[in-house]
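Undergrad: Here are the chains, one letter per residue:
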Amino acid sequence: MQIIFFLLAATALISGIMVVIQVNPVRSALFLVLNFFALAAIYLLANAQFIAAIQIIVYAGAIMVLFLFVIMLLNLRQPEEGGAHRHLGQKIFGSSLATAVIALVIYKVFRMIVPPGKPLTPDFGSTEMVAKSLFTDYLLPFEMTSILLLVAVVGAVILARSKVE
Amino acid sequence: MEIPISYYLILSSALFAIGTVGVLIRRNAIIIFMSIEMMLNAVNLSLVAFSDLHRSIDGQMLVFFVMVVAAAEVAVGLALIYVIFRNKGNVYVDELNIMKW
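Each protein sequence line maps, in turn, to chains A and B. Count the first sequence with my numbering and you get residues 1 to 165, in order. Count the second sequence with my numbering and you get residues 166 to 266, in order.
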């Protein structure tokens, strides 16, 4: 099981790095899809079946289609000029700051005292259990997300509509 | 054969750091957006890992709401990028200085 986890983690990390270093935005988007699929498989290892399913449906499906649609709509022909040496100081500073964050987390994680795990119930993470919690304890936030999505849709339509009346 | 929580947290922090680097070093607004998505996913991973550790469904609920907010953010953000492209002809963030004077 740990070997599967390491393979998936390596896939997620390599595809994540490729997202950042690819010049072509379409390739970046395709590597991001690979990253999302690897994370969905890791969610399955962590007993979150429903979250894994909606990770694939919402992220790898809907959101990435929207990204690819916009990339192809914009048709960015000119490359990012000057690539390697532009803002070199900022790039070095940002990368070293990110490395410092990882080092800090690794340092603290290995000093952490982990409580003993509870026994696994067979329905943990299933759609039924998630739905029960969603429609009882989290009913008000769930209803508010519908308003949020409505506002986002209206905002996107108003922003992107044509200026011609 | 449980996977220790520390592995999840290290992977999550590494993904978050990669996303941060992407936001800091790239000029293309669309790739910056993708990096933000990757950071949101890294946070989701640690929420799922803690939910698994404590056998509590609340972490997975929070992941659900993070996904909803991410979807709304992508819809509005990509509309904004499209409007910027229509007005300026490119989406490079270091050439956007309309609000600077």
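By construction, these hints were calculated from the structure, which means they are not laboratory data. Keep in mind that this is a model prediction, so the values were computed, not measured. By construction, the Cβ of each residue, glycine as well, lies at the ideal position given by its N, Cα and C atoms. Mixed in with the good hints, there may be bad ones.
As the list claims (entries may be wrong) - Covered stretches of chain A (in silico footprint by chain B; criterion: 3 or more residues with CB under 8 Å from a CB of chain B, positions within the stretch not fixed):
1. 2 to 14
2. 47 to 60
3. 96 to 104
4. 108 to 121
5. 138 to 152
As the list claims (entries may be wrong) - Chain A stretches covered by chain B per the calculated footprint, using a threshold of three residues with CB under 8 Å from any CB of chain B:
6. 29 to 40
7. 67 to 74
8. 125 to 134
9. 155 to 161
Undergrad: Does each hint fit the structure? Answer for all of them.
TA: Tested hints:
{"no.": "1", "hint": "2 to 14", "in the structure": "holds (count 5)"}
{"no.": "2", "hint": "47 to 60", "in the structure": "holds (count 8)"}
{"no.": "3", "hint": "96 to 104", "in the structure": "holds (count 5)"}
{"no.": "4", "hint": "108 to 121", "in the structure": "holds (count 10)"}
{"no.": "5", "hint": "138 to 152", "in the structure": "holds (count 7)"}
{"no.": "6", "hint": "29 to 40", "in the structure": "holds (count 5)"}
{"no.": "7", "hint": "67 to 74", "in the structure": "holds (count 5)"}
{"no.": "8", "hint": "125 to 134", "in the structure": "holds (count 5)"}
{"no.": "9", "hint": "155 to 161", "in the structure": "holds (count 5)"}
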